[in-house]
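Hey, can you work out the whole structure from these sequences and the hints?
Chains A and B supply the protein sequences, listed in that same order.
Taking my numbering, I'd label the letters of the first sequence as residues 1 to 110.
Taking my numbering, I'd label the letters of the second sequence as residues 1 to 116.
Note that these hints are calculated values from the structure, not bench results.
Glycine is no exception: its CB is placed at the ideal position from the N, C-alpha and C atoms.
Among these hints, one or two may not hold up.
As the list claims (entries may be wrong) - Listed below are several chain B residues computed to face chain A (Cβ distance under 8 Å; list not exhaustive): (1) His10; (2) Tyr33; (3) Gly42; (4) Leu43; (5) Phe45; (6) Trp48; (7) Ala80; (8) Gly104; (9) Gly108; (10) Thr114.
Here's the letter readout for the chains.
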Amino acid sequence: RKEVEQDPGPFNVPEGATVAFNCTYSNSASQSFFWYRQDCRKEPKLLMSVYSSGNEDGRFTAQLNRASQYISLLIRDSKLSDSATYLCVVKVGNNRKLIWGLGTSLAVNP
Amino acid sequence: EAGVTQSPTHLIKTRGQQATLRCSPISGHTSVYWYQQALGLGLQFLLWYDEGEERNRGNFPPRFSGRQFPNYSSELNVNALELEDSALYLCASSPGTGVFTDYGYTFGSGTRLTVV
Numbered sequence: 001r002k003e004v005e006q007d008p009g010p011f012n013v014p015e016g017a018t019v020a021f022n023c024t025y026s027n028s029a030s031q032s033f034f035w036y037r038q039d040c041r042k043e044p045k046l047l048m049s050v051y052s053s054g055n056e057d058g059r060f061t062a063q064l065n066r067a068s069q070y071i072s073l074l075i076r077d078s079k080l081s082d083s084a085t086y087l088c089v090v091k092v093g094n095n096r097k098l099i100w101g102l103g104t105s106l107a108v109n110p
Numbered sequence: 001e002a003g004v005t006q007s008p009t010h011l012i013k014t015r016g017q018q019a020t021l022r023c024s025p026i027s028g029h030t031s032v033y034w035y036q037q038a039l040g041l042g043l044q045f046l047l048w049y050d051e052g053e054e055r056n057r058g059n060f061p062p063r064f065s066g067r068q069f070p071n072y073s074s075e076l077n078v079n080a081l082e083l084e085d086s087a088l089y090l091c092a093s094s095p096g097t098g099v100f101t102d103y104g105y106t107f108g109s110g111t112r113l114t115v116v
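Below, the structure written as structure tokens:
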């Protein structure tokens, strides 16, 4: 089983749609959680950290369920510019190593 | 503030050669991380350097090595290149081990290594 697993995708949605991505992690010692976005052939960029109480940044909402070892990202009112691959990332312990999911591809269509 | 910078942007090598990739961290950061992103495999942790020392290493063979210089910049060396080493190599930086770093890292734009 992969350490971090994401929805296989790809997701194709119309502009204005709401889309949700899920991610599960296997290591219960995971401490920190993030969503990154990666555009084609570019470096990944931090979208948001994920906190236990859930957190929101504009149209983006992240949730963490430690009991189920599950993370989610909700994007409301999708824009064409949201088209990218979304990567779920987990940090375990203090060894500074990030463990990455393979990503879910999102295409927002006009 | 300058971000993480990597060079070269692209590198083409033949099988068996050596490749050297460079990374300059954000000013004030002492930790540097290297990741490999091969097609279809996702990002894989390679190395973590802090204060000139290797702190952690991913599951890569010894021909992947590196070092960190006194100015905290870093080099990644890949010896005896194989076709499977073709990938995007990404570098990130953060404050050092004594600093709380529960935040995501900022990556450089990467070096795309192609082995032919």
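Requested in this report: If any of the earlier hints don't hold here, list their numbers in rising order.
Outcome: 1, 7 and 10
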